[in-house]
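Could you put the whole structure together from the sequences, leaning on the hints where they help?
4 protein chains.
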Amino acid sequence: MFFASDNWAGAHPKIAASLSTHASGFSTAYGDGDLDRAVYEKFSEIFEREVAVFFVATGTAANSLSLAAYNRPGGVSFCHREAHVMEDECGAPEYFSGGARLRAVDGPLGRMTPNNLEKAISHFEPEFVHAGQPIAVTITQATEVGAVYSLAEIDAISAVARKRNLPLHMDGARFANALASLETTPAEMTWKRGVDIVSFGGTKNGCWCAEAVVLFDTGKAREFGFLRKRAAQLFSKSRFIAAQFDAYFTDGLWLETARHSNAMAARLGKVIEASSKARLGWQPQANEVFAIMGKDTMKAATDAGAVFYPWNAPHGFAEPISENETLCRFVTSFATTVEDVDRFGDLIA
Amino acid sequence: MFFASDNWAGAHPKIAASLSTHASGFSTAYGDGDLDRAVYEKFSEIFEREVAVFFVATGTAANSLSLAAYNRPGGVSFCHREAHVMEDECGAPEYFSGGARLRAVDGPLGRMTPNNLEKAISHFEPEFVHAGQPIAVTITQATEVGAVYSLAEIDAISAVARKRNLPLHMDGARFANALASLETTPAEMTWKRGVDIVSFGGTKNGCWCAEAVVLFDTGKAREFGFLRKRAAQLFSKSRFIAAQFDAYFTDGLWLETARHSNAMAARLGKVIEASSKARLGWQPQANEVFAIMGKDTMKAATDAGAVFYPWNAPHGFAEPISENETLCRFVTSFATTVEDVDRFGDLIA
Amino acid sequence: MFFASDNWAGAHPKIAASLSTHASGFSTAYGDGDLDRAVYEKFSEIFEREVAVFFVATGTAANSLSLAAYNRPGGVSFCHREAHVMEDECGAPEYFSGGARLRAVDGPLGRMTPNNLEKAISHFEPEFVHAGQPIAVTITQATEVGAVYSLAEIDAISAVARKRNLPLHMDGARFANALASLETTPAEMTWKRGVDIVSFGGTKNGCWCAEAVVLFDTGKAREFGFLRKRAAQLFSKSRFIAAQFDAYFTDGLWLETARHSNAMAARLGKVIEASSKARLGWQPQANEVFAIMGKDTMKAATDAGAVFYPWNAPHGFAEPISENETLCRFVTSFATTVEDVDRFGDLIA
Amino acid sequence: MFFASDNWAGAHPKIAASLSTHASGFSTAYGDGDLDRAVYEKFSEIFEREVAVFFVATGTAANSLSLAAYNRPGGVSFCHREAHVMEDECGAPEYFSGGARLRAVDGPLGRMTPNNLEKAISHFEPEFVHAGQPIAVTITQATEVGAVYSLAEIDAISAVARKRNLPLHMDGARFANALASLETTPAEMTWKRGVDIVSFGGTKNGCWCAEAVVLFDTGKAREFGFLRKRAAQLFSKSRFIAAQFDAYFTDGLWLETARHSNAMAARLGKVIEASSKARLGWQPQANEVFAIMGKDTMKAATDAGAVFYPWNAPHGFAEPISENETLCRFVTSFATTVEDVDRFGDLIA
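Protein chains in written order, with the numbering used here: chain Y, 1 to 349; chain Z, 1 to 349; chain F, 1 to 349; chain U, 1 to 349.
Each hint should be verified, as a subset may be incorrect.
What the hints assert, rightly or not - Below, in silico cross-link-like pairs of lysine to any residue (SDA-like), each with a Cα-Cα straight-line distance of 25 Å or less:
id: 1; chain 1: Z; residue 1: Lys119; chain 2: U; residue 2: Thr326
id: 2; chain 1: F; residue 1: Lys119; chain 2: Y; residue 2: Pro310
id: 3; chain 1: U; residue 1: Lys119; chain 2: Z; residue 2: Trp311
id: 4; chain 1: Z; residue 1: Lys220; chain 2: F; residue 2: Lys220
id: 5; chain 1: Y; residue 1: Lys163; chain 2: U; residue 2: Ala221
id: 6; chain 1: F; residue 1: Lys119; chain 2: Y; residue 2: Glu325
id: 7; chain 1: U; residue 1: Lys220; chain 2: Y; residue 2: Glu125
id: 8; chain 1: U; residue 1: Lys119; chain 2: Z; residue 2: Ala104
Quick caveat, the hints were computed from the structure, so don't treat them as lab data.
As structure tokens, this is what we get:
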């Protein structure tokens, strides 16, 4: 019953097998090997257009370099108040951009509203150097609390960004989960909606360590190569990332694992709704479930082997949480089993 | 006959196997899992004292963060003119330290001389803000051209650094190769000589991606944790690094692979010495061999399937190289075979 | 009737005269001349203890370098939501610190409350690298909207900062105005309350360009010298700053000009209170006055030659402002005259 | 006999007078006042084309921001080994650009040779991310050791830079001295030769503090405004800079002071040539003179009240300097008198 995070699971067997398969033999280093190139091609196929792909080590790197690629002096990026870039990256986005600022935008369940975004951007008059200047908008899909922007919502955010010529970045640490949730295509969820650059995460969805920046504006690719290298994010034996993505994309493994973990989250949601000792915080849309539980129930579940974390209520969450209760986060993954979910259900029945 | 680089080889079978072994099951993320902790312990055993260990993604990251950990305003670090930090990291050391400068120090075959180091440091008067201030000395062991500092040479460098209270960093991208070459211990090659911090590389010696910063001053560990995270170098599924190091250190695999590649380099050196069409640039001490070859010989060897790079002669290299000749670099690895070396020998016999 | 800002006035005649007096003759450059040293001494006298003084070009520089002096990886500083560092410095504090973040703390009229500060700091658990770490607290005295922290309020902020060992910085762009308002001494308003470092501004109070960082911990002075030089803030002919401060401190000119501008603000406040066409936003405490005026009144006053700016209502300001009204800011200075104030009073009578 | 530096002199009486004249009255702050705009116009007249002008606090700031304006990831700028940016700015150029590197180019008397520049640039292959990428060339006119690039030499440097599309920056801390030495026009010495951006210094030539960045590509001006503000280099009472430049340019004061100090240097050169106790290092071209003197002569001159500094011999300086001798630097300024020069002449006759 490990619901602590989707990064507590190791690697999917097919990912592990691919690494073994590709371990022997010699290959050009630093992202220029045959397997690397084949994987770049797969990305272009998946996104239905030519894209530039850059493997990096972590989601934090993908986000930070994506924003840095669009940085300008006095730059301000707009993100949700509870975005990963804001809360969980130790200031890496500011560091990699030499001090560009993140400005918090509110909205329910990790999704900024177009209206709030517009207000936040309008704080900056184009020629007023004292305040700095907007440089980018970044949204997280799926959000940190398991919500998913609809295609229409992305359109609306994108429209606000375009009014000020701001590039739109998508933090896709859980890209596949969002995609599976919306039952749409990568192209529809990104560039067709006006997204310019994506942090494409494989790690949380069954890889060991497979993160990539996907640039739709390939004209920025040359410069990004220097940006990545200078940021110490260019792997020598890049084949070990390529091998993971190769398996990830083969026969739709990535969608299969995403659908599985989403299904487990949905099942967990139902189990909680049915419980007399816990109640759902909100409906899960991807692979995260939030429940309000009594502290005694939490302790009992933990004692019985369930692993999960208490969580701060999202900004604007209106549901009352009593002093004896705690909001808890449960994350499912490719490795979550029906048995685990049901066993947890029994604990809180 | 792949002699292009030691990062063209994939992973040693035992490294690959370890990844498969540890792929399943749940474990705490971000460097705090049981396997992570076991590996940290192994590092302390190997270095014969308590050390603080930080996994990072690349050697460039290890070097850059090591120097950044000691940075101060107007900081200047001293490195060999042809060091990796100077020539091959796209300015990452300067970037991660917010602009600290690298100052080139000369010496034969990638080894700075204590005398040159002293002269370089003496350029900076302690209270003269205009010039900046020394913050660190960094040496590469083994060097970029396959030479190895003797223990006495490290002592001498260290003595110069200590006079100005400068920390001494060792870029150990090929740490194991140097160690095998000197037939000494990690402790003797580092902190017993006054080394304060090490970039400990596993990637070039048979891992996929296993790099660590080893801090002997554990009092700096807390701050380094923030430094690494802010630099986007904290892996979530850190287990995949730990699993590699676990196999690496088990039954002395790391020394075995290093000895093997050194032996292959020595054999290659002999083969070149025996050749009528090529001559050794200098005696190999670790796993790199440099040869001066006629351009026609190069072409013939390349046509026959040998892969290697032309190389710039090191600063101060006195051996004449005619217009029809090229200096070439050959790098051996755990995957280099006697057959490959001898086949190359036949080509240039 | 120039109430646009205290930096629209030029220099006080005595400041200008001092520059002329000291224009001839030769003197050591870069802050080491006799006059420089004499002025440093004056600072120590004024603060009743040894202090380290660093002239810089702008208030933005003073603030940014003060915070940078205490920076650490993943650093977060706490400031009021509407502080100058947050709203008016184009991200300089983040830039100079290589990306340290500012975190907004609320409170009425530009003063953070100790309670809000405590809550903001408590967001950061000491060993949790993902969130970053607190590094400093900065308060503005007087605030951007002309309010002044009482000594007890500074004590309370300072107590919260000390609990987490955070240094306390005071942005004293209007230091003299606050001092005159509180009728206290520099020592009482700063280090006796736990303030560690001050941006000491002379420019807004009658100098051309005279800003200094005052460090109470003189142990940090050596490093600060490099910090300032690297930030391109070390003037060669520093005498021109020293000459301004020399006149500024002679015969209490600085307090005289501050008292004058505060008195003009008080008079302006009374004139507005007495007006039938405008009402005070809040009681002025230093040299800024805020009034809510009908748009027609604004226009009439502007047409009659009054210069002032509309202003955003401070966070949490409860007074209703109708659609036909605007909140306006009026700043007085050493150069504001009774006649100007009264003429404006007549306009809005 | 103050020959220590041209920044030991205070301000020219006309500069001081201008500050007094403009001290009273109210004016828009932050570079937008009437006098500011009039001065920008004067710059355009002087350079015979529209230019964008940005006042900054120091020459270090002008240089650092000029290079930062052209920065790119992994950026490398090329400067003379003994340039001010390299030797005397505490790493500010690297700091302001977030770590871009300076690469030393050699040449006699502070002037890089086109050949050496070409070799240095050719070290960087356009698509090789490991080494970084060239971003700018910067030359100093006049150089740190008082030499002046001829127009043909600037043309040659510029041609090399253009081959790789690199912008050419001129550090004109002693712009006027060089101009007077060449008897040419600002346009001829800069943009007509391919210079893109100039650090235009007034401080060393009679101002208190008047430095400006002059951009010939006015399309970069908008961004530069944010760059300067973020760098804490935007003065509020910018009028005090404008007032200095206003006097500086009126009736050719700037050329008059430059010609005077050059003439004093020439006279000092002659005096040294005529001396039996000292000999010229090289012919002065601007306002710096270098002499090789016996240590006893140095002491005697110093005891008699002469102030000057020993200096390191420039790279490649072939003239033998015995152990009892020292190379010394003498700098003249607007304030140097014939009497002082001749009195010094008497001392070393």
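Do the hints match the structure? See the list:
Proposed proximity of Z:Lys119 and U:Thr326 is supported: the alpha carbons are some 19 Å apart, at most 25 Å. A distance of roughly 19 Å separates the Cα atoms of F:Lys119 and Y:Pro310; the hinted pair therefore holds under the 25 Å criterion. Under the criterion of a C-alpha separation no larger than 25 Å, the hint pairing U:Lys119 with Z:Trp311 is consistent with the structure, at around 17 Å. The hinted pair formed by Z:Lys220 and F:Lys220 meets the criterion: a straight-line CA distance of about 19 Å does not exceed 25 Å.
The suggested pairing of Y:Lys163 with U:Ala221 holds, with an alpha-carbon distance near 23 Å, which does not exceed 25 Å. In summary, the hint linking F:Lys119 to Y:Glu325 is supported, as the alpha carbons are separated by about 21 Å, within the 25 Å threshold. Note on U:Lys220 and Y:Glu125: the hinted pairing holds, with a Cα-Cα distance of about 19 Å set against a maximum of 25 Å. With a C-alpha separation of about 18 Å, the suggested pair U:Lys119 and Z:Ala104 falls inside the 25 Å cut-off, and the hint holds.
The structure agrees with every numbered hint stated previously.
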